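I would like the entire structure built from these sequences, with the hints used as guidance.
Here the protein sequences line up with chains L and B, keeping their order. For the first sequence, position 125 matches number 125 in full-length UniProt numbering, and the numbering has no gaps at all. For the second sequence, position 167 matches number 167 in full-length UniProt numbering, and the numbering has no gaps at all.
Keep in mind the hints are simulated off the structure, nothing from the lab. This one's a predicted model, so the numbers in the text were calculated from it and none came from an experiment. A few of these clues could be false.
To be verified - Reference listing, derived: stretches of chain B covered by chain L, where coverage requires no fewer than 3 residues with Cβ under 8 Å from a Cβ of chain L:
no. : segment
1   : 36-43
2   : 167-181
3   : 216-222
4   : 226-237
5   : 409-423
Don't be surprised by glycine CBs; every beta carbon is placed ideally from N, CA and C.
Here are the chains, one letter per residue:
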Amino acid sequence: MLAFLLRRLIQACFVLIVISLISFAIQDKLGDPVRQMVGMTTTPEVREQLRDELGLNDGFITQYTRFAKNALTGDFGTSYYYKEPTIDVILKKLPATFELAFCAILLVICIATPFGVITAIHPKHLVSRLIMLVSSIGLSIPIFIIAIFMVYVFSIQWNLAPSFGRGETTLLFGFWESGLFTKDGLSHLLLPSLSLAIALIPIFVRLIRSEMSEVLQSEYIRFAWSKGLSAPRIYFFHALKNTMLPIITIGGIQAGTLVAYTILTETIFQWPGMGFLFMDAVSRVDTPLISAYLMVVGGMFVVMNTFVDLIYGLVNPTVRLASHGL
Amino acid sequence: MKPTVIIVACLSILFSSHTLSATLRMAFDADPISLDPHEQLSEGTLQFSHLAFDPLLRWQQNGTFEARLATHWQAITPSTTRFFLRQGVTFHSGNPLTSADVVYTINRLKRSADFRAMFDTIQSAKIIDDYTFDVTSAKPNPLILNIMTYVFPMDKAFYQGKDEIVKYGETFASRHVSGTGPFILKKRELGSRMEFTRNPNYWDTASPGNVDTLISTPIHTDATRLAALLSGDVDFIFPISPIDIQRTQRTTGIQLVTMPSTRILLLHMNQTRRKEFRDVRVRKAINLAINQSLIVDKILRGYATPAGQLSPNRFLGHVADLQPEYDLQKARQLMKEAGYEQGFRISMMAPNNRYTNDEKVAQAVAAMLAKINIKADLKTLPKAQYFKEFDDRSADMMMLGWQSDTMDSNNLFEFIIACADAKTGLGAYNASEFCNPSITDDIRQANQELNPERRLRLLQGIERTLYQESAVVPLYWQFLTWAAKDKVNIQDVINDRNYPYIGDLIIEE
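Shown next, in the form of structure tokens:
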């Protein structure tokens, strides 16, 4: 276990180094940060001077070495726009994204699991067919269309939920700005988390259905039936438990998609989270912030995958980490 | 993002209104990057300056000046103007406003990298007494008042000693503010929210404004911004994408206000990169082949004015008879005369998120050029990347939008068509690399010509020369579009610079 975590740590370092290299390599293509700081009428001479001061005229190697040296001391640069350490800026926006993703995942689990199970148990039933139809439509609709549609229906037409922003937040433990504990905060959370969930539900419904129907064919389920176990116990205990293993894997991989989807959702709903921050940083050519964001997300992927592997062992004890080739 | 705009436009019809208090929630597309009014010369900064600070004088909708912190002024010599300051004005900190604050502010502006371009022309500001000061220009300065609209007196006692202007680091002034303005900043969450309350000691007691609380939220996405207004989450937005204008107008409870701005959109034809563009017949042909009116009608839905010159009609240099011309026959003839009947290939670049529908306009231009056999390879880029390319003069034809800071033709000429000079910044946006020394001379002369008659002749002369030379392709002057709930009387406080004077805004109960 310890060796496994250590290996993962080394992997994480490697991933971060690669990401930082790539993010540095593309910086030049993103635009000129100085342009964003000055007005249109600033003379080229002044702009050149600013570039010098910021060290933007140095070569790639010089710039990267400087960054790497600072990074080793825990300094990942200062955002040009926020004028604060990039990591602080990102961590401040983390709660918003985390709560959004958490609520979306909660919705996905609560909706996709029963639907997936129903369609697996009664594949020919009308309800199942309807669910499958809707899920294939859902799969093919891009998330921004869903989001815009939700805004139109729920906030413009029916005025049920606000169309943008995060609303009122409360401070938890002195650092976590939470929107989960006020009515205003929850109402703001409704549309973004629902759109995010809708984008993810179809694939999970289909996944659970196919895994479940496979499991239902297996020998031990037939044995359970002949043993006379009750249907709910067979479906929801024996079958579902074994269905979960591949679901967790895919779920872990989908976490990446979730990050991408939060960027879109946050942009549409002006949700002040990390995804919105990232889009904003790109349009402002806030290169230190872009690099730091990519590294944070890269780090999160490694952590998430490690978790998935650990959960694996818990759900199915026959899977041993060591034999996993990890 | 484009499809989202279309969908909201197609969908947004109904709207149910909320009750109003004197709270204004506004959502514009930009926000100030700093609380320091001298850190960046941008629309966001100046909008903020008009909330937390007051200018010495400001533009009115009819193009004349309105006295604000300066009550009146008089020219004492050709290069010196005496200003008289309003008495009894206090800063948010409680300090009284005196001439010392104004002189301090002007000197600070001269240090600002962004405002320096304008304030370099001012040699010194001198305190006469607590409420009188003289501003002296290096040379006779016809634009002294135009420049003074950028002086928003800062609280000397509050800022002094910690007033450095830094572009990429935290400073006292970028986090703290003490102005004389109608609104006091209460809370700021950078990039997502600013909250103001009305200044209870505001000097302008005659102001009809009744906004007590102002909440400003920048929303960058057009569709989200419009949805926020239609759902009643905000009261006042800018801008509206042309495609949404009709729908917005049809929505009950929502008003749309548009106003011509002075921003000119134009195309540069780089004469250093392409020898073809050195031939005036080719440049003329291109000007004739581009149908400005069609672009305005079809792409901007009429929310722009087709341009045949750089100066909009409220500027001194505007020449009424220089109208955009469209004549394909003549254009082809000119191409033939120049020996390019078969045409040629050029590279073209335009931004895709800087000006209203900039990408579509560029595509239309490319299609129009094809009619005279000029094949334009168009590349559009987000503004962050575009202006780097623009500085590098990376394409044969490049799009530019320009708004004169001084509300004067000469500013357009200085930046867009003067011979380039990296030191002074002249011609910094001259991507035509067109250089006519006599024009540059005229520009210099117009900068110190006090006689309006002679100045008019100089500026109009430049405009005519540009037209004859077909130096650039003027396209159109953009409109500004705002939308608000019916009860918010925005039409009284907006202006063609897009610095709404929210202090005077009335929200009907």
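Against the structure, the hints come out as follows:
1. Here's how the segment 36-43 of chain B fares: 3 of its residues keep a CB closer than 8 Å to some CB of chain L, so the rule of at least three is met and the hint holds.
2. Note: the segment 167-181 of chain B has 5 residues with beta-carbon separation from chain L under 8 Å; the three-residue rule is met and the coverage holds.
3. Under the rule that three or more residues need a Cβ within less than 8 Å of chain L, the assignment of the segment 216-222 of chain B holds, with 4 such residues.
4. Counting residues of the segment 226-237 of chain B whose beta carbon lies closer than 8 Å to any beta carbon of chain L gives 6, which meets the minimum of three for the stated coverage.
5. Coverage of the segment 409-423 of chain B by chain L holds [criterion: at least 3 residues with CB-CB distance below 8 Å; count 3].
Consistency with the previously given hints is maintained throughout, with no hint failing.
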